[in-house]
Amino acid sequence: MPSPQNKPTPLQAMLALIRRNAGPFAGAMISTVMIVLIGYLTPLLLAETIDCVLTGKPSALPGWALAPLRALGWSRAYLADRLWILGLLLVGLNVVNGVFTYLKGRLTAVASENIALELRERLYAHLQALPFSYHVHAQTGDLIQRCTSDVDTIRRFLSVQVMEVVNALLMIVIALVILLGRNARLTLYSVVCVPLLFAFALWYFGKVRKSFREADESEGVMSAVLQENLSGVRVVRAFGQQEREVEKFETVNDDYRRKCFRVNRLLSIYWGVGDIITWAQSLLTLAVCVVFAVRGEITVGTMTLFVAYVGQLLFPVRQLGRVLSDTGKSLIAMERIQEILHAPAEPEEPEAQRPALDGDIVFDHVSFAYPDDGVPVLRDVSFTIPAGSTVALLGGTGSGKSTLVYLLQRLYEPTGGRITVGGVDLREIDRSWLRSHVGLILQEPFLYSKTIRENVGIVRRDPEAKAVEHAAEIAAASGFIAKADKGWETVVGERGVTLSGGQKQRVAIARTLLKDNRILIFDDSLSAVDTETDAQIRAALRHEQEGVTTLIISHRVTTLSQADKIIVLEDGRVTQEGTHAQLSAQPGLYQRINRIQTALEEELADARSAETAAAQDKEVRA
Amino acid sequence: MQAFQEEDYTKRLDLGLWRKLLRVAKPFHPHLLGVVVLMAISAMIDVALPMMNAFAIDHFIAERTTEGLPLFIAEYIGLAAGQMAVVFGFIYLAGRVETGVCYLIRKLGFRKLQELPFAYYDRMPVGYLMSRLTNDTQRLGDTIGWSLVDLCWGAVFLVACAVQMLALNWQLALVVLLVIPPLAALSWKFQKEILSSYRAVRKRNSQITAGFNEGINGAKTTKTLVREQLNIEEFDEVAQGMRSASVRAATLSALFLPIVVSLGSLATGYVLWQGGNAVLAERIVAGTGMTIGVLQVFINYTVQFFQPVRDIARIFAELQSSQAAAERVMSLLETEPDIVDTPEVEAAFGDNFHPRRENWPALKGEIEFRDVSFRYKDGEQVLSHFNLHVDAGQTIALVGETGSGKSTIVNLVCRFYEPTQGQVLIDGVDYRERSQLWLESNLGYVLQSPHLFSGTIAENIRYGRPDAPEEEVRRAARMVGAEPFILAMKDGYDAQVGEGGSRLSTGQKQLVSFARAILTNPAIFVLDEATSSVDTETEQLIQTAIQKTLAGRTSFIIAHRLSTIRSADRILVIHDGRIVEDGTHRQLIAKQGVYYKLYTNQFQDEQGREILGER
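As they're listed, the protein sequences go chains A and B.
Here this note's numbering is used: the first residue of the first sequence is 1, the next is one more, and so on.
Here this note's numbering is used: the first residue of the second sequence is 1, the next is one more, and so on.
Incorrect hints may have been included.
Listed next, the in silico DSSO-like pairs over lysine-lysine satisfying Cα-Cα at most 30 angstroms (straight line) [to be verified]:
# : chain 1 : residue 1 : chain 2 : residue 2
1 : A       : LYS248    : B       : LYS26
2 : A       : LYS450    : B       : LYS377
3 : A       : LYS210    : A       : LYS248
4 : B       : LYS490    : A       : LYS248
5 : B       : LYS203    : A       : LYS329
These aren't lab readings, by the way, just hints derived from the structure by calculation.
Treat the numbers as computed from the prediction; the structure is a model and nothing was measured.
Same shape as in the complex, but just chain A:
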């Protein structure tokens, strides 16, 4: 990964992309040159036919061009007898032109799509390689926009805009060369409006951008009101506010219509004024041609040529102005993409170890503070999780328990002290190796937009159906999966069915079980499951993951009490450590949690006596 210092400029980056597709780009350029040349040859052919063959004037072609014709024996009289040769020649020119047009279109598409593909793949891969902390702070909407719209802006620029610029410039240059060769003064008259047309288009599109943006913004407002109404439809109905909602929408709908219409009117000015200039130029050319031809300074063929060339030239010039006013956007897009690509990824560690991870986990005076605020989250934390045992962690909000879990997967590194597994410092262990063998289940798991089957088998390349179903069985997920709309093939996640919190947690547990876990961490990952199912899952796990070192974060007494050891974390420090029996006897957080059970029993007794009293009361009265 290049360091920020030698980050290339957007223009350099763009050129580098083009260079990697130099072949197709060059092919497309050559095709464009050919198209422009042949585009000019056709009117030339017609002009020569009219002048020379049909009206008997001397040819205006230079000697070198006439020589091969003479060699073929294509004299004027010969061709006048065989006009079909010229007709065929015309068709031939069009076919050759067609071949190049096709090549240009195809090669441009190949080049620009290759570049879009490269950008998309690099962006995606880099996003996967960026560290955990990057994604914690990332603005997802903005990132997605950069990866989609900005890539598309660059693609459009390279495929359409670059070629249009090349095309327009070539047309102007070649037309000037040919026309100047025929008659310099006439040429001047024929292109006098061209700079004006170009300047107008350039100025105009710079000018109207604001109106376009206003229309876009108005559309945004309109969509937002619509969206709010539709998602709040219950509130609208419950307060009987349909009438007012209709009025509210009417306002934004009307505003959007006005803004769109304004853009439309501006466009009509562009086309209208553009047309005026175009017509003026055509008329000027025609009138001057007539005068020149009447005076005998030019032939009818030359006149045809001028009229045809000027007609061909004007449209690309209009486009040129539009395109050039747009180029700035693509450089901005490139810059935004570069910002992602140059964010530092997790560093490679070729020397890292791949130990068995089956020893004791030792926290040795571990401290941690997040880099953005520097506030200590863990302070001098030391404890041991013996290999193969189950340790429960109890801690409130802000105790640092989630951070502690992240450290175990090296999603963050301790700022002080060290964590070892079987005596090896985590910092010396290969990241993917570690994460592959430390199963971590988060409280609010993310499910992918895939079927349930694919979600459970997500960590394996080709998961066996049997293994997947077995994992779901252990995670007590088989029941609701079977009842789901399409069973195992139900699509979940953002674009599918929404599962309840407890169901998501069970899918998350099942998918983690398909990993080769040496260490398993539950970060309050059964919180949305009822206590009975919770107990059932844990019992199945104990059996299944025999010998796996397990860390469970929970606030449920039943869960905590069954652990081999309980660690209490408060405000980043370990305040208590021991078995259920030991901690129940000590005053502290654990004891308070443990008392809930008692409180419940007391309430039941209360309710019973009150009810008995009420019943007796009734009897007495009866």
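Position chain B against the provided structure of chain A, taking the given hints into account.
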């Protein structure tokens, strides 16, 4: 949402559907007629122009004179000015039609959406409805406004061109016109292919967006599962698919133009050959062939008239492909709401948009379900022969699993749905004998995830009573304990809440939504309680707000929090659409049944979290 956007493209062009749509666009028929006339004029001018050039050659140059040149220039300028006026005019009119039709469809659609029953929203995701009134509508506006422009111009140009050629030299013209049928067939075929290939590109593109979306939103999970490599491989497949689909579409487009132009050049070549011979013949014996000017006209026409053939083919292909959009929009506009007030009720109490409040009876809040059965549209039976009597002012907590029927009961009370059998009586009268708006205006409703509208806090509190005086707004906020946080904000009551209330925390949104409900002073109150986590302090505020709000009103609560449940007058435990337990908290605890089990389970959880400072 994606699944709903898949379109059915195999259908044939259904002109009936477009006629229906044109009827919707009736206010714009004069504009459309104007477009037709202007485009006809424009096409005529385009046909006349080559004739001017021909005249210039045959008159001025052949006769070597500039006599009449000023008149010629004047005529030319006249044509140009005419064309200009036409261009301004048609862009103006077509733009009017486009923006106007979009506006109209959105307006009608929005109104319809305000009338449609809840059942409709159950079937239709918001994203899908959104795209009907945005993308689909835009597409129809475009089609109706602009395709007529090209279609009309193309047709008139073709005909005028053909007539002109036939008049000049019918033998040559007939041969040239022979090229049109194969050209039209080829264009039609190609345009359809091209459109469908671009559709494939769009589909791939949405997969790319979805891919990035997941790659970014799921990045943290991906790391913990070490799935980076597999993700990258999956994405590469999609990206490669996008590349080949795009290249294929571009290749098809690149192929189309050359083939059509080459085919067309056959006609030009033929004209050059035979027309050239005619010019030579004319030179030998005048009157036996054609002039050079006429030859020029022919060549000009043969080069130009393939454009309209291509355009017409394109328009029909586009009509066919935007047909799906038209169908979706029309089906929305034509959906009939299935909860409607009878004409008698409407006559007495007014409709949704024109209420006759003066005739509304006061609502006390006694509610009875009498032998109510309910089944959803998809056939799922939720309630059968359900009976329930609630006294005015009672607070009812509904407890049960997801899908047990709690929400259905509440939705029936609100008349968001109507019973498929039996009756719901309010104050002893079947609520179908009153207007929907009457009941809605007496309802207070607080949602599980509170929905606020963009605007200020005051505007949101006023939502149900836009004319409420400021003092009452403040009193409502004070009552639910929302005032301290409101005043702590920079603009106080005038602070913007952001889209969907995004600038407020969940707890704050809940407090505002309680104030909003209190302000309308509803007789019936419905609370779909939130399970989302808020801190302990806010939790207490919300509990107080609930107590304040419920006092003296008939209330239904879909309850999740123990404190709310415990303080209800009556707890109903619902299972499979039946009431399995009914009583006060104490009674049900003593019973040690379903409620007791639910309670102990939840009690432990809530207490535990409270001790740890989490809610």
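To see whether the hints hold, each was checked on the structure:
no., hint, verdict
1, A:LYS248 <-> B:LYS26, "24 angstroms, holds"
2, A:LYS450 <-> B:LYS377, "27 angstroms, holds"
3, A:LYS210 <-> A:LYS248, "25 angstroms, holds"
4, B:LYS490 <-> A:LYS248, "26 angstroms, holds"
5, B:LYS203 <-> A:LYS329, "25 angstroms, holds"
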